[in-house]
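Chemist: Chain residues, written in single-letter form:
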Amino acid sequence: MKIVVCIKHVPARDSRLRIAQSGEWIEERDLSWEINEPDTYALEEALRLREKHGGEVLAITAGPDRAAEALKRGLAMGADRAIHLAGDVFNAADANATARGLADALRGEAPDLVLAGVQSDDKGYAATGVMLAELLGMPHSTLIMEVEVLDGRVKVKREMESGWFEWLELPLPAVLTIQSGINQVRYSTLKGIMAAKKKDLRRVEAPAAGSAGTGPAGTGPAGTSPTALHGLAFPSRTSRAEIFDGDGKAAAGSLWERLRRDGKLR
Amino acid sequence: MTRSGPPKADETPVSQTLPEALQSDAVVESREGERDVPRHAAPAGNGAPAGVQATQRAARRVTFQGVDYYDLSSLLTDEQRMARDTVRRFVDERVMPVIEEHYQAASFPRELIEPMAELGVFGANLPEEYGCAGLDNVAYGLIMQELERGDSGVRSFASVQGALVMYPIFAFGSDEQKRHWLPRMAAGQAIGCFGLTEPDFGSNPAGMRTVAERTADGWRLNGSKMWITNGTIADVAVVWAKTRGDEADGAGGVDGAGVGTIRGFLVERGTPGYAAPEMHRKHSLRASVTSELTFDDCEIPAANLLPESGGLKSPLMCLTQARYGIAWGACGSAMACYDEAVRYSRERIQFDRPIGGFQLTQAKLAEMLTEVTKAQLLAYHLGRLKDDGKMKPVQVSLAKRNNVHMAMEVARTARTILGANGITSEYQVMRHMNNLESVYTYEGTHEIHTLVLGQDITGIPAYV
Numbered sequence: 001m002k003i004v005v006c007i008k009h010v011p012a013r014d015s016r017l018r019i020a021q022s023g024e025w026i027e028e029r030d031l032s033w034e035i036n037e038p039d040t041y042a043l044e045e046a047l048r049l050r051e052k053h054g055g056e057v058l059a060i061t062a063g064p065d066r067a068a069e070a071l072k073r074g075l076a077m078g079a080d081r082a083i084h085l086a087g088d089v090f091n092a093a094d095a096n097a098t099a100r101g102l103a104d105a106l107r108g109e110a111p112d113l114v115l116a117g118v119q120s121d122d123k124g125y126a127a128t129g130v131m132l133a134e135l136l137g138m139p140h141s142t143l144i145m146e147v148e149v150l151d152g153r154v155k156v157k158r159e160m161e162s163g164w165f166e167w168l169e170l171p172l173p174a175v176l177t178i179q180s181g182i183n184q185v186r187y188s189t190l191k192g193i194m195a196a197k198k199k200d201l202r203r204v205e206a207p208a209a210g211s212a213g214t215g216p217a218g219t220g221p222a223g224t225s226p227t228a229l230h231g232l233a234f235p236s237r238t239s240r241a242e243i244f245d246g247d248g249k250a251a252a253g254s255l256w257e258r259l260r261r262d263g264k265l266r
Numbered sequence: 001m002t003r004s005g006p007p008k009a010d011e012t013p014v015s016q017t018l019p020e021a022l023q024s025d026a027v028v029e030s031r032e033g034e035r036d037v038p039r040h041a042a043p044a045g046n047g048a049p050a051g052v053q054a055t056q057r058a059a060r061r062v063t064f065q066g067v068d069y070y071d072l073s074s075l076l077t078d079e080q081r082m083a084r085d086t087v088r089r090f091v092d093e094r095v096m097p098v099i100e101e102h103y104q105a106a107s108f109p110r111e112l113i114e115p116m117a118e119l120g121v122f123g124a125n126l127p128e129e130y131g132c133a134g135l136d137n138v139a140y141g142l143i144m145q146e147l148e149r150g151d152s153g154v155r156s157f158a159s160v161q162g163a164l165v166m167y168p169i170f171a172f173g174s175d176e177q178k179r180h181w182l183p184r185m186a187a188g189q190a191i192g193c194f195g196l197t198e199p200d201f202g203s204n205p206a207g208m209r210t211v212a213e214r215t216a217d218g219w220r221l222n223g224s225k226m227w228i229t230n231g232t233i234a235d236v237a238v239v240w241a242k243t244r245g246d247e248a249d250g251a252g253g254v255d256g257a258g259v260g261t262i263r264g265f266l267v268e269r270g271t272p273g274y275a276a277p278e279m280h281r282k283h284s285l286r287a288s289v290t291s292e293l294t295f296d297d298c299e300i301p302a303a304n305l306l307p308e309s310g311g312l313k314s315p316l317m318c319l320t321q322a323r324y325g326i327a328w329g330a331c332g333s334a335m336a337c338y339d340e341a342v343r344y345s346r347e348r349i350q351f352d353r354p355i356g357g358f359q360l361t362q363a364k365l366a367e368m369l370t371e372v373t374k375a376q377l378l379a380y381h382l383g384r385l386k387d388d389g390k391m392k393p394v395q396v397s398l399a400k401r402n403n404v405h406m407a408m409e410v411a412r413t414a415r416t417i418l419g420a421n422g423i424t425s426e427y428q429v430m431r432h433m434n435n436l437e438s439v440y441t442y443e444g445t446h447e448i449h450t451l452v453l454g455q456d457i458t459g460i461p462a463y464v
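Quick mapping for you: the protein sequence lines, in order, are chains G and B.
Take the first sequence: its position 189, counted from the start at 1, is 189 in the numbering used here, and no numbers get skipped.
Take the second sequence: its position 308, counted from the start at 1, is 308 in the numbering used here, and no numbers get skipped.
Bound conformation, chain B alone (with noise of 0.2 Å):
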């Protein structure tokens, strides 16, 4: 045992053999209850104690490390990889030890706001004067792939945050509004939400019937939205509707399409006449909030219109954004359910043998593995096309489209791998399953996207 400082001539000598130490209390204490963390030991015969060594390396946490056949770790840069590294870390300590929990109890694990706000998950890839990351789009889209390995409805919190509300607040916004909004929601301060879509307007929403009337000062709202994320817990809300009564001061939108024209507007949390209830007995996202949107009569200032917004494509451009990191998130679940499938047949001993051990589960692993492979390459061209700014949203629809289908495939043929066990709540496939039969079908369902894409190839549109 080497001692390096003199003695000062008030201090207890230490011993230098364990067997004088121990009978010595003023310098040596028990551990006892302070050991909560696995530590290391250096090996003996360096100084170190010997007999502290046996514990150490024990119960080493199980982290997720990925899955990445293809080597796509090399083509991401420095930033990219830490910043998915570090998201992972978050999902493995913070998010998967609560995740379930908050499943079973239908409800979002709000503890996870304030962390995931300091993380700066939050509009992660908008400019840093309004106190976000500044990253680009293949970061922000490994970090949206990372926390949906823990669970959809986080990352559709996620998603909604910065995509469908800081997002839109940026592009479309007046200065005062960026000012205002943008730092405190990447902080996690203020919660937003996302209203385009109402009860009888799904896949279309041109045909919306939420009105904003033109007032004396501002603006009357009128009608409702559903299946919105976030909207019960939401301090603002982006509101699309169509706007009356604004003829006469030119106030119709920027593309001049005047009476009718679809706008964005802030409702804030309190408005009277504004209420958001939440949607309850779910069988998928149950740990995320759904709510419907109600405006009666609700007023709003005329400061609170989104200045730079017009027309049905403000909203879709919105959705663009959004689409764009559930293509990532996708992968991310089902990097998850193989993950866990490929654990499993290792374990799992039937006829005296590993189960993956069986033709039929190596051909589905191997069916997994592929599928997932080749989403995440088109995940990552995608990202770095939007970064070239030659993104196009049929692109993004052909990857929202194939990826989230690409899960729901690799979630269920996982259930399959896990038999039994795969229904129940010790294991994560069943709620990744059930969580995708949302994602399929918000953001643009994987029908109509396949008519988009039907549309872009043909020339020919199939919904009008």
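Only chain G is shown next, with the shape it has when bound in the complex (with noise of 0.2 Å):
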């Protein structure tokens, strides 16, 4: 089975961010960076799936010229070949924007099952890959933490709230986003780093901004972002907290007020 594998170059974990200048992105200059720990475990799991029903695995990122190291780490770590949607639109891109970026990429493919990590560490939004779905026309399901596939289908085990899961059996072809630490992500192996640098890493360049894309009608281009970020602030720290007396529902009460005064509810 063909199984991709969807990946994002992402800033080390701990970095410390700064805003950038703009005070629309952070500073990029002084960071590190990685895979996107989430996308470690979809390209694990497509792994294993590989171990035990053959076929091929193909990492795929869209992102600047820096993210083909992204892909270059999945290689190492055993996918079989690479697709970098190379851009730098792609940097500031939203989730429908990197989504329709990756279906075009995709749609000469015909995949059999697409993983994606549950949710990217730098922006999370956690849509990339239900929107990657809805635009290849495949079925989907979110949060799986176990991956069993059967005859022309998948079933999977998905994570629910309060400790509880649910099954569910999805045809194929599918597209799951993973849910972290649902299996050990294997080490790059010395070897596996110098047998990357044989194995094909195609680049493909994403349409200008501006062009005419193939998104569907009212999205702009491939590569546009419909939504806009106008600005990133740093939390402001407080140690104070209110706690609400009674019960749950006088409370609750409080807190309904508390907010309409607000201005926090319309």
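It is worth saying that the hints were derived from the structure and are not from the lab.
There may be inaccurate statements among the hints.
[What the hints assert, rightly or not] Straight line, CA to CA, 30 Å or less: simulated DSS-like cross-link-like pairs of lysine-lysine:
#, chain 1, residue 1, chain 2, residue 2
1, B, Lys392, G, Lys191
2, B, Lys178, G, Lys199
3, B, Lys390, G, Lys198
4, G, Lys198, B, Lys178
5, B, Lys178, G, Lys191
[What the hints assert, rightly or not] Here are some chain B residues the structure puts well away from chain G; computed CB gaps all over 10 Å:
#, residue
6, Ser174
7, Tyr274
8, Glu308
9, Glu409
10, Thr416
None of the values given here were measured: they were computed from a predicted structure.
Glycine residues also receive a C-beta, built at the ideal position from the N, C-alpha and C atoms.
With the hints in hand, could you dock these two chains into one complex?
Modeler: Structure (structure tokens):
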């Protein structure tokens, strides 16, 4: 089976983030980058499925030049080949623009299964995989903890709240977003790192912003985002907490009153 | 909640809301006991269940981020960075959780041999045809740095296996020896040790007393070696001995030096007359095996001579390889100590403020960071020289001498920042500090490297 894994290149964990002068994004110059951690679980799951069922694992990313490193890391872990949908436009892209770019790039691939991490560690929309499914016309499920490929179908275990699970079956092809921590992600071996140099990493140029694109009506060309990020700010630190007295109903009433008074509810 | 696939006739219906789902045993189950790794959750509003999220982001592992004040990372190739990062993660996940216990128990973490081999650490800069990774020397150095960030004993194991046993077999061995030993050693199926130093001949190896006497079908070894890392657990020892009785057949070494030439021999575990008792009660490198090797009329076959070895320069070539790794490894120890001191200085409160806010502490940290950074640049450039085939052994002496001394100073200063806590097993600094006492002295003492440099500067040898 052909399994596609969507990977994102994000600032390394525990990076010291600073807001860029524009105020619209973080300062990227002094950052180091890594594969989005949730995507490593998706890649590991794909490699395990390949070991069990055979086939091919294709890693794909949409991002600026630097994002090729995420794919090299994916190839070093064991992916068979990779596609880099390259363009600076994807650095600022929202989930919709990224999903449209990925969908365009994947149409010719006819994957049996598309896996993505549950969300990205930088923007955290948790929407790219879901939108990609819609654009590819595939069923999807999110927060997946177990994947079992059956004949033409996939049985998945999905995490719900408070420690409960849900089992679902989907027809293939399908898109799954993989919950973090469901497997032990393998190490890239040193031999794997060297072998990755010889694997196929195809660069596909993203259409320039403003050019005719293939996005659904009303969303503009691929790579342009229907949403705009207008500013970033660090959350203000406060040590103040307020506890509403009374039973649940009374406390809820007090909370409602307070939120309305503070203009948080309209 | 999205449900995408059409339900099968025999499938229990899936509830659309939590209260219903909770009532249906067929489709939901408790995760009790299954959740041992922190998970991420989607933010609310995208169809993800809202209740899961509170626990998700908690308890992310604190991982070692490295010390890279001069952005050396940007000079590395993708392969070099990936090699560093995969070993760094391995040390975080596999070495750090067990190393202090092994150090206290004075035991080598043998459970790490197999995973280190799977990673490809042993002889990582040797060619792929022998089952090795074929990395360049900068990548190899970064691997040594990361291993020693964990513990000098773990790095020593890898150094001996790769640079002191696999390298001489690769450089001086026959095709048969290479094909037999290198893939096994890369896979961790065979462990090696290197016997040069003797009880009475450390800095002066030319005076060694171990003798290999020519016999009808091989060699007879007599003598002893000391301070041999991995000795007791080794399957094969590369032993250096002076030959005797080989004048007639001209087997006196490739340099034609004839009788008394130092040559290398492969001595296999279990050979009669060969023993490798472990040396105990060390205060340093406690998570590493240190042994004595004894040879008592130990007969070895002619095929176990390293045919291309000849003269003292052969073992010294091996030591140059290992020492190159030490120059990097010392950076790793220092990075670990510096990192721990910085973290501690931010958290430790005295006089109502973090001690990192005091000028004395800041001066120490600034000095440590400066020295670590200089040592890293030295190691990196040495690696580039080695990859270009331009590295001179005296340059390795300079780097080993500087970087190990630097690491000792950083470890000691870090200990002062940690105060009394610095002497406990809760922290790493004193383990590194004690380990470095050995590293300072092995593979050419600090003092001998000083004289090597002195001779290179003046042209006058000070030790003969």
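Chemist: Need the status of pair B:Lys178, G:Lys191: alpha-carbon distance at most 30 Å?
Modeler: holds (19 Å)
Chemist: Beyond 10 Å from chain G, beta-carbon-wise, is B:Ser174?
Modeler: Since the minimum Cβ distance to chain G is about 25 Å, B:Ser174 lies beyond 10 Å and the statement holds.
Chemist: Sort out whether G:Lys199 lies within 30 Å of B:Lys178, counting only the CA atoms.
Modeler: holds (29 Å)
Chemist: With the threshold set at 30 Å, check whether the alpha-carbon distance from B:Lys392 to G:Lys191 stays at or below it.
Modeler: holds (28 Å)
Chemist: Sort out whether B:Lys178 lies within 30 Å of G:Lys198, counting only the CA atoms.
Modeler: Between G:Lys198 and B:Lys178 the Cα gap is close to 26 Å, so the pair holds against 30 Å.
Chemist: When you look at the beta carbon of B:Tyr274, is every beta carbon of chain G farther off than 10 Å?
Modeler: holds (33 Å)
Chemist: Should the label of B:Thr416 as a non-interface residue stand, given a Cβ cut-off of 10 Å to chain G?
Modeler: B:Thr416 is indeed farther than 10 Å from all Cβ atoms of chain G, at 26 Å.
Chemist: Does the no-contact call for B:Glu308 survive, Cβ to all of chain G over 10 Å?
Modeler: holds (27 Å)
Chemist: Once the closest CB in chain G is found, is it more than 10 Å from B:Glu409?
Modeler: holds (27 Å)
Chemist: Measure nothing beyond the straight line between the CA atoms of B:Lys390 and G:Lys198; if it is 30 Å or shorter, mark the hint as holding.
Modeler: holds (28 Å)
Hint check: no violations occur; every hint is consistent with the structure.
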